[in-house]
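Chemist: Chain residues, written in single-letter form:
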Amino acid sequence: MAKTLTRGGASSGLGVDAAVAKQLLTDMLLIRRFEEKAAEAYTLGKIGGFLHLYIGEEAVAVGTTSVLRPDDYAISAYREHGHCLAKGSDPKRVMAELYGRRDGLCKGKGGSMHLFDRSTNFLGGHAIVGAHLPIAAGVGFAIKYQGGDQVIVCYFGDGAVPEGEFHESMNLAALWKLPVIFLCENNRYAMGTSVERALAQTEIWRFGQTYGVPSERVDGMDVLAVREAVARAVTRARQHKTPALLEADTYRYRGHSMRDPAGAVYRTKEEVEREKLRDPIVLFRDKLLAAGLLAEADVRAIEKDVNDRVDEAVAFADASPEPPGEWLFTDIYKEA
Amino acid sequence: MAVMTYREALNLALREEMRRDPRVFVIGEEVGLYEGAYKVTQGLLKEFGGQRVVDTPIAESGFTGVGIGAAMVGLRPVVEMMTFNFALLALDQIVNSAAKMHYMSGGQFNVPIVIRGPGGPAAQLAAQHSQSMETYFYHVPGLKVVRPTTPMDAKGLLKSAIRDDNPVIFIESETLYSVKGEVPDDPEFLIPLGKALVRREGTDVTVIAYMGMMYRAMEAAEELEKEGISVELVDPRTLRPMDTETIIGSVRKTHRAVIVEAGAGFAGMGSEIAAFVTEQAFDDLDAPVERVTGANAPMPYARNLEKLKTPSKDKILAAVRRVCNANGG
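In order, the protein sequences belong to chains D and L. Numbered by the working numbering, the letters in the first sequence go through residues -18 to 317 in order. Numbered by the working numbering, the letters in the second sequence go through residues 2 to 330 in order.
Each hint should be verified, as a subset may be incorrect.
Once the Cα atoms are required to be at most 27 Å apart in a straight line, the calculated DSS-like pairs of lysine-lysine come out as [to be verified]:
{"no.": "1", "chain 1": "L", "residue 1": "K196", "chain 2": "D", "residue 2": "K158"}
{"no.": "2", "chain 1": "D", "residue 1": "K315", "chain 2": "L", "residue 2": "K196"}
{"no.": "3", "chain 1": "D", "residue 1": "K315", "chain 2": "D", "residue 2": "K18"}
{"no.": "4", "chain 1": "D", "residue 1": "K125", "chain 2": "L", "residue 2": "K308"}
{"no.": "5", "chain 1": "L", "residue 1": "K47", "chain 2": "D", "residue 2": "K222"}
{"no.": "6", "chain 1": "D", "residue 1": "K125", "chain 2": "D", "residue 2": "K18"}
{"no.": "7", "chain 1": "L", "residue 1": "K254", "chain 2": "L", "residue 2": "K308"}
{"no.": "8", "chain 1": "D", "residue 1": "K257", "chain 2": "D", "residue 2": "K3"}
Covered stretches of chain L (chain D as the covering partner; in silico rule of three or more C-beta atoms under 8 Å from a C-beta of chain D) [claimed, not checked]:
{"no.": "9", "region": "4 to 17"}
{"no.": "10", "region": "193 to 204"}
{"no.": "11", "region": "278 to 288"}
Calculated directly from the structure, the hints in this document are not laboratory data. Here a beta-carbon is modelled for each residue, glycine too, at the ideal position from N, C-alpha and C.
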């Protein structure tokens, strides 16, 4: 099933070779460190508005993107820093966007919740829960219309599942056979409302069955498991335009946003501590060390490289000027 | 010039643009096999096939979002709302996604989409099918809003809307689909968005109206002519962006303004026009700006009540006479 993706992986038993493994770890660490710095900047007042951190969920974005082609599309909700970085955006421009600066991806007009990057086919950053699912179906429609073989991955949280648009999109993608991979990041809480308090059917992947969409649940804290499940879905979508619903079992270690720092009202400290034992970065790093694919020195080198890039991103954002006042009125309409 | 109905003019505009540009497709409820609830898309499925004339289930938010997504990556969808009242189910997609995508993305992703269908008062369609829906859209930066009054405008404006790189809300009317008028044969005949039209020249008062209200205002103007009042009729055609220049120019000439709109008056189109006329041409006015609007009530079903809800010719006549000091004259 994932044969094309396991170059030389047989010896490690992990299904990936050292180069791929190193890349996966690096990408996850970059998102983690980037967001830790973003949280710091937020507390310093350098980033405003809402800041929703992805910390804990990195294996989903990284595992998924690792089996996509650059011309494949990705679209996400408002917890999208990780998806955007994984798809290949320059961390400097992402940080500058969080800072609301002119060199940001969206010239400072989008902010944390509205990251877009045409150069990587990253289609946003959408902050109305559920609204980007029909848009993803539309991108799938266009791929088919244009005769392409790309796919679109649509990331959303468990909070989007009770929305009508989840069901409308699932139905349309199945009805019209659109190459859309609906990837539900089930981190168990829609803001403070647990899945149990929101859904009559808490096994989200089963909703796919209702629409005849191949569906499965995957351990979202295991980057290799995510990678394999998405690879299967991508192959089906490329070859047969079959949509998929994947439910990644994951967890966010931080609150809903920086305004919910502890996330302590609706879940217990014990639960959070227990979930930290599944930290996708720690687990994967240890696995690679145990398999001999990486040495401690490699890990230190990766850490240093990532820290340098994040520091560079922060310096870049700090140095970037605010957007000029006249930009208030540009980009409202596209001029002919 | 050919004489055709408003419906045929729209159909021809769609046909010509679909022939011209393979990226243009039509999507919505009953647009294909059924040929459109109001037959605007008649014959399109046969000519262009199911890939470009896409029947959808009843899922307005879903298929509007499909249009937006397709537009983001290079297609030019024309989404039909069976009636614009149903667009409320897609309001989030239109307002939060289509209208803001280009801005939020810092100019990276534009959404060249047309959302079209009938709206406004019709014939006893009652509260949920008779609303003047433009109100919900012209407030939103990022949207363009068109209301075409004649078959010629229907064709020329729809073609411009389809070629526009931005989301365009294009609201037709059930009551106008069978109206006949002259339409140029030239497939490159376009009417630019954002340009008003002086439909009738006059010297005493400017009446601003569109769609069914323009036809009613025309009747009123004929009658007033006999009383010696010369009415200039201005049709904005595009409500956003609004051609304020043409309207202000006309008011500076006639020194009086009456705005007629079918929708409820509170915070309606007339409020905005009255505001900018007063701001920009106060010193030119010889009388306060008058508004003749739909009553501030939902649309009732009963025929007599429905008549009371919508501005009548008599109300237009009375307003014009008032601003011209011609009452009981």
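Chemist: Confirm or reject each hint.
Modeler: Now the hints, each set against the structure:
1. Distance restraint check for L:K196 and D:K158: the Cα-Cα separation of roughly 42 Å exceeds the 27 Å cut-off, and the hinted pair is therefore not satisfied.
2. Taking the CA atoms of D:K315 and L:K196, the gap is near 18 Å; set against the 27 Å cutoff, the hint holds.
3. Simply put, D:K315 and D:K18 have alpha-carbon atoms about 35 Å apart, too far for the 27 Å limit, and the pair is violated.
4. Between D:K125 and L:K308 the CA atoms are separated by roughly 49 Å; this puts the pair beyond 27 Å, and the hint is violated.
5. Our distance criterion of 27 Å between C-alpha atoms is met by L:K47 and D:K222, whose separation comes to about 25 Å.
6. A C-alpha spacing of about 40 Å is found between D:K125 and D:K18, which places the hinted pair above 27 Å, so the restraint is violated.
7. Distance hint between L:K254 and L:K308 is unfulfilled; the C-alpha atoms sit about 33 Å from each other, more than 27 Å.
8. Pair hint D:K257 plus D:K3 holds up; C-alpha atoms about 22 Å apart against a cutoff of 27 Å.
9. Using a Cβ-Cβ cut-off of 8 Å, 0 residues of the region 4 to 17 of chain L lie near chain D, which falls short of the minimum of three, so the contact claim is violated.
10. For the region 193 to 204 of chain L, the stated coverage by chain D is not satisfied: 0 residues place a CB nearer than 8 Å to a CB of that chain, which falls below the threshold of 3.
11. Counting residues of the region 278 to 288 of chain L whose CB falls under 8 Å from any CB of chain D gives 0; the rule of at least 3 is not met.
Violated hints, in rising order: 1, 3, 4, 6, 7, 9, 10, 11; the structure is consistent with all others.
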